[in-house]
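The hints should help you fit chain B onto chain A, whose structure is shown.
Going line by line, the protein sequences match chains A and B.
With the first letter of the first sequence counted as 1, position 16 gets the number 248 in the working numbering; the numbers rise by one all the way through.
With the first letter of the second sequence counted as 1, position 107 gets the number 135 in the working numbering; the numbers rise by one all the way through.
Read the hints as simulated data drawn from the structure, not as lab findings.
Worth double-checking, as some hints may not be accurate.
Partial selection, computed: residues in chain B whose CB lies under 7 Å from chain A [what the hints assert, rightly or not]:
1. G70
2. L71
3. H73
4. G131
Just so you have them, the derived chain B footprint on chain A, three or more residues with Cβ under 8 Å [stated by the list, open to error]:
5. 275-288
6. 337-345
List time: in silico DSS-like cross-link candidates among lysine-lysine, alpha-carbon distance up to 25 Å [stated by the list, open to error]:
7. B:K54 <-> B:K98
8. A:K289 <-> A:K243
9. A:K289 <-> A:K249
10. B:K132 <-> B:K54
11. A:K289 <-> B:K54
12. A:K289 <-> B:K132
Glycine included, every Cβ here is placed at the ideal spot set by N, Cα and C.
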Amino acid sequence: GAGVSQSPSNKVTEKGKDVELRCDPISGHTALYWYRQSLGQGLEFLIYFQGNSAPDKSGLPSDRFSAERTGGSVSTLTIQRTQQEDSAVYLCASSLAQGRAGELFFGEGSRLTVL
Amino acid sequence: SQQGEEDPQALSIQEGENATMNCSYKTSINNLQWYRQNSGRGLVHLILIRSNEREKHSGRLRVTLDTSKKSSSLLITASRAADTASYFCATVDNQAGTALIFGKGTTLSVSS
Chain A
233 GAGVSQSPSN KVTEKGKDVE LRCDPISGHT ALYWYRQSLG QGLEFLIYFQ GNSAPDKSGL
293 PSDRFSAERT GGSVSTLTIQ RTQQEDSAVY LCASSLAQGR AGELFFGEGS RLTVL
Chain B
29 SQQGEEDPQA LSIQEGENAT MNCSYKTSIN NLQWYRQNSG RGLVHLILIR SNEREKHSGR
89 LRVTLDTSKK SSSLLITASR AADTASYFCA TVDNQAGTAL IFGKGTTLSV SS
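Chain A on its own, in the form it takes in the complex (with noise of 0.2 Å):
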């Protein structure tokens, strides 16, 4: 596609239970990144992908959080027994650039809410 796609936009789900958040970054891209931010705040890193691999998965809050990315295009992001403080947007970002510090593509993010 022309950008970042992120699926769902929107996802309401009851704590305790897991959810699946995926993104689809532009064609070509090999690095790719998901970030959270919550109402009003800024964004939080949680893990960067070079390829298929995860280089940095140090913002990855617990353990209830994994990511894969597979054949070096789609990633999801799983967080299990959702908790109330999981509510945040997540915003999934790629770039071309090989390493660190290139120009980052962002999605329009998936807005998850944990009643």
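Then chain B, alone, in the frame of chain A:
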């Protein structure tokens, strides 16, 4: 961890006025980037300034970088109502990081 911190947190101006936002960071960097976010949307890249550059222009945007003070500023000249958005600076820690770390942003409101 917080790498960039924007100042002010919020800024309200009239159309036609200039808007200046500042960013301070903590470590040595390779480059510094500014992004814009309209309400409820994703972020859009505005401009990248490398650590060996001091000033860069793009249309109505002017970015400066002072590595000795670990600070940057974003100037929007002749602002328009459509410039209303949140603006974030982002950097990568040369020593430790692999990902862009964003500040909390400056919320700019331009009224007509």
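Consistency of the hints with the structure:
no. : hint              : in the structure
1   : G70               : holds, 4 Å
2   : L71               : holds, 5 Å
3   : H73               : holds, 5 Å
4   : G131              : holds, 5 Å
5   : 275-288           : holds (count 5)
6   : 337-345           : holds (count 5)
7   : B:K54 <-> B:K98   : holds, 7 Å
8   : A:K289 <-> A:K243 : holds, 24 Å
9   : A:K289 <-> A:K249 : holds, 23 Å
10  : B:K132 <-> B:K54  : holds, 15 Å
11  : A:K289 <-> B:K54  : holds, 21 Å
12  : A:K289 <-> B:K132 : holds, 21 Å
Comparing the model with each numbered hint stated earlier shows that all of them hold.
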